[in-house]
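> Chain by chain, the residues:
Number of protein chains: 2
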Amino acid sequence: MSIFEKAREHALITSSAAILGWDQETFLPSGSSKYRAAQLSWLSARAHELATSDDWKNELEKAEAADPGADHRLTANLRQLRREFDRATKLPVELVARESEANSISMHAWSEARKQSNFPAFAPHLETLLSIAREKADRWGYANEPYDALLDGYERSTSTAAVAHLFDDLRPKLSKIAAEAVDISNRHAAKLPTGPYPIKAQQEFNAKVAESIGFDFQTGRIDTTTHPFCTTLGPADIRLTTRYDETDFTSSLFGVLHEAGHGLYEQGLPDEDFGLPSGTAVSLGIHESQSRLWENHVGRSRAFWNHWYPIAQDFFPALADFSIEDFLKYVWRAEFSPIRVEADEATYDLHIILRFGLERRMVNGELAVKDVPEAWNESFRELFGFTPPDDRHGCLQDIHWSMGGLGYFATYSLGNINAAQLFAAARQDSEIASAIDQANYAPLLAWLRKSVHAHGSVYDPAELIQRATGKPPTADAYLSHLQSRYLR
Amino acid sequence: MSIFEKAREHALITSSAAILGWDQETFLPSGSSKYRAAQLSWLSARAHELATSDDWKNELEKAEAADPGADHRLTANLRQLRREFDRATKLPVELVARESEANSISMHAWSEARKQSNFPAFAPHLETLLSIAREKADRWGYANEPYDALLDGYERSTSTAAVAHLFDDLRPKLSKIAAEAVDISNRHAAKLPTGPYPIKAQQEFNAKVAESIGFDFQTGRIDTTTHPFCTTLGPADIRLTTRYDETDFTSSLFGVLHEAGHGLYEQGLPDEDFGLPSGTAVSLGIHESQSRLWENHVGRSRAFWNHWYPIAQDFFPALADFSIEDFLKYVWRAEFSPIRVEADEATYDLHIILRFGLERRMVNGELAVKDVPEAWNESFRELFGFTPPDDRHGCLQDIHWSMGGLGYFATYSLGNINAAQLFAAARQDSEIASAIDQANYAPLLAWLRKSVHAHGSVYDPAELIQRATGKPPTADAYLSHLQSRYLR
Chain A
1 MSIFEKAREH ALITSSAAIL GWDQETFLPS GSSKYRAAQL SWLSARAHEL
51 ATSDDWKNEL EKAEAADPGA DHRLTANLRQ LRREFDRATK LPVELVARES
101 EANSISMHAW SEARKQSNFP AFAPHLETLL SIAREKADRW GYANEPYDAL
151 LDGYERSTST AAVAHLFDDL RPKLSKIAAE AVDISNRHAA KLPTGPYPIK
201 AQQEFNAKVA ESIGFDFQTG RIDTTTHPFC TTLGPADIRL TTRYDETDFT
251 SSLFGVLHEA GHGLYEQGLP DEDFGLPSGT AVSLGIHESQ SRLWENHVGR
301 SRAFWNHWYP IAQDFFPALA DFSIEDFLKY VWRAEFSPIR VEADEATYDL
351 HIILRFGLER RMVNGELAVK DVPEAWNESF RELFGFTPPD DRHGCLQDIH
401 WSMGGLGYFA TYSLGNINAA QLFAAARQDS EIASAIDQAN YAPLLAWLRK
451 SVHAHGSVYD PAELIQRATG KPPTADAYLS HLQSRYLR
Chain B
1 MSIFEKAREH ALITSSAAIL GWDQETFLPS GSSKYRAAQL SWLSARAHEL
51 ATSDDWKNEL EKAEAADPGA DHRLTANLRQ LRREFDRATK LPVELVARES
101 EANSISMHAW SEARKQSNFP AFAPHLETLL SIAREKADRW GYANEPYDAL
151 LDGYERSTST AAVAHLFDDL RPKLSKIAAE AVDISNRHAA KLPTGPYPIK
201 AQQEFNAKVA ESIGFDFQTG RIDTTTHPFC TTLGPADIRL TTRYDETDFT
251 SSLFGVLHEA GHGLYEQGLP DEDFGLPSGT AVSLGIHESQ SRLWENHVGR
301 SRAFWNHWYP IAQDFFPALA DFSIEDFLKY VWRAEFSPIR VEADEATYDL
351 HIILRFGLER RMVNGELAVK DVPEAWNESF RELFGFTPPD DRHGCLQDIH
401 WSMGGLGYFA TYSLGNINAA QLFAAARQDS EIASAIDQAN YAPLLAWLRK
451 SVHAHGSVYD PAELIQRATG KPPTADAYLS HLQSRYLR
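Order-wise, the sequence lines are chains A and B. 488 is the number that our numbering gives the last residue of the first sequence; the numbers go up by one with no jumps. 488 is the number that our numbering gives the last residue of the second sequence; the numbers go up by one with no jumps.
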């Protein structure tokens, strides 16, 4: 079996595990979770075993030795498989098992600690997770600082210093936009009628919208969960989930647009390369660019609602007397709030800048776990002008650290930045732009398919953006977007 | 790893495959079936590999050698694991692969042939399936005739001759009951109001009924499919499915009662032995006894409807003017129809007797494939008094042969017979009987848990029935049941 056949077999296992994971989040009866964990653990052990086997190594070496370098895609696939093999085999099995156990214990502890807003109850777990993260970084190796090795796992070939530089530059600009946006929003508030927005009507409306932007229900579905996500169960089996608020239909709608953005990327990857790097999404920062593009640049635009608002009014009679102008004010509202997942576009990245700074210092050994709440609150005060009411609304709010996801947060802002740059580049084509202005998104999707989706992870994220937009990634388009959206 | 640990690992794999299979029948997007087949095939190859490995064999031998014979359950587990190992390893991998491919091609061919009522299009596939079945029988070995080896795979330690003897005895008795039942039913017909019976109301009513008989929704679910089934995704994860007819709520209700009967058995198996024979259902004939008991002895009884009919009338206003007497006439209707899956209790087993006779002759080489339609129609005429309109309503109606399921059909009637014997035995206890008469089924379920479910496959089917009822399996209780139900 060649290394590519092996990689495809590996995808059979991980995608099977994804089916079990999807069911766990959507339909699993409440009394059944323990055995499901055992089934998932069996599958992940088989996937790990395969991808770290001597046989895998030998086949990879054989293919590398035989590669004449003439086929860019082939070479990129081998380079990426090598990268993944090296990262996987640099961690001893004992460490992987220890990490998996620590994550599962810590998630539980975090969930309890958050409920009680009790950081000291979570602190020893965070110590363990941090020490595992540092051990992994040491084993993987890094150019400048341990955090590099972690970030690289989520956003390949991206350095901590470059992100820090970007965020340092953005911080004052974003703070200024946020302050003005919140001020304008306060002066022009509009309150969405509280419904009713029956779930069934929301589901039908959302499906209509998702289909209209190109999400393919022949190879996808939308189901209900507490924590929305998009998951890939096979090359032609992409599942979105959302949750419903019967007093605000926009909550599930923007959720669906976000997840459908992820889903369109997955549906646009080359099917025939499923399981190979060239058939796999390149990074979280690129993935998030797709979800943010459809959620924010498309879904929160005036052109979108010129088309969809009358239809929404048909679906939801509660909107009958609420004007589109008031509705857009509601959609574009901005406020300083302590919770990241509830943040609007104007303030979102401030939450990320805070987290990135904090976890970089933690990982690099410059911030002790016991000092995290104080550092969080201080940084929050600087950015948002007030102190969170408690740790539950502060350093305990996110699940990421408890899952061992140190190094992840920056990719959300990279996604925002990439989304704006891609959207602006697509709009350079006047046909695409005029279609967008008529809420016809087929040309935009075709451009994304060709410029982003078709390449899988053949190019590094920065190179992909450069090739798609003609420029290296910068925050220029993103800042322009925020300005024109909020500073009206 | 001991043989028991290995058996539990095997169950992790097969139950994971069951999750993929369940999803395939309920939620899989239409464009995704091809990759799902590849995922399932990977899992089944791993399960087969494990259960036929040298390592498995060595551990089994070690455990057998070490068994002092003092623990009946342990010895039974080893005996059954040995039985399964021998059956699995007697078939060469080449034959297993050939069979799997033939089944998948034949199912497709059968589905097309049935649509067009074109037996000659299916005939060459049936030839192949038959020759594979005979080859398997030869490799497994048998005492008297090849059919024994096939039947034994579905109903262990049951001989063809014994079933034939039973059916020969039953045939005239069942024919007499059926003829009288159909006659009475024709003279006292009652037509169910055509609704509407909205799906949502059916779902709520069915769930109420399923819960009331003891189906545990903490460890189970009911979803929607075209072909209803019950499947086990883990020791505490039992999924039922049903389908809805908006003009007849009893269709999904009796479907749910049937599948919940299977589900109650699975929920009643000892969780701690999941994956071991002692934690696994013993045979199809015992499994079907549980579904038939709840569907027919409970669900079609007057006591059941005395309690549930007023509630059904609340759920379905269309029933307001339809009396319970008329409703029971509808529930107890009997007719001679060509299709097995639509048959009532009075005529069902005649369909089975026909199939058992035919496939026994096919497997034993006494009936050529080309002669099947004629033999079917002749036998049908003898049993039902008319000829099926075409092969679609005759020898092409069932999926079983096309799946390689030769030897399966008899277990449906064994299930009917076992159900009646178990139900009658339970009613010997006056407390259980009087609870049943008040539509309180907790004591009945407790008796089934103790007498049947708790034993997994420690005992052979006949021994299980003997222990539970004090008598070897006979059709006496079943005939009494049919008489008192139909010959009023």
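It is worth saying that the hints were derived from the structure and are not from the lab. Note that the structure is predicted; figures quoted are calculated from it, not measured. There may be inaccurate statements among the hints.
[Said to hold, decoys possible] Straight-line C-alpha distance at most 20 Å; calculated EDC-like pairs for lysine to aspartate or glutamate:
hint, chain 1, residue 1, chain 2, residue 2
1, A, K450, A, D460
2, A, K200, B, D326
3, A, K90, A, E25
4, A, K34, B, D326
5, B, K200, A, E204
6, A, K34, B, E272
7, A, K329, A, E180
8, A, K6, B, E211
9, A, K34, B, E9
10, B, K191, B, D326
11, B, K34, A, E135
12, A, K62, A, E127
13, B, K6, A, E49
14, B, K200, B, E211
15, A, K191, A, E49
16, A, K200, A, E374
17, B, K200, A, E374
18, B, K34, A, E49
19, B, K34, A, D271
20, B, K34, A, E204
21, A, K200, B, E272
22, A, K34, B, D271
23, B, K34, A, E342
24, A, K176, A, D460
25, A, K34, B, D216
> Name the hints, by number, that the structure is in violation of.
2, 3, 4, 8, 11, 12, 15, 16, 17, 18, 20, 21, 23 and 24
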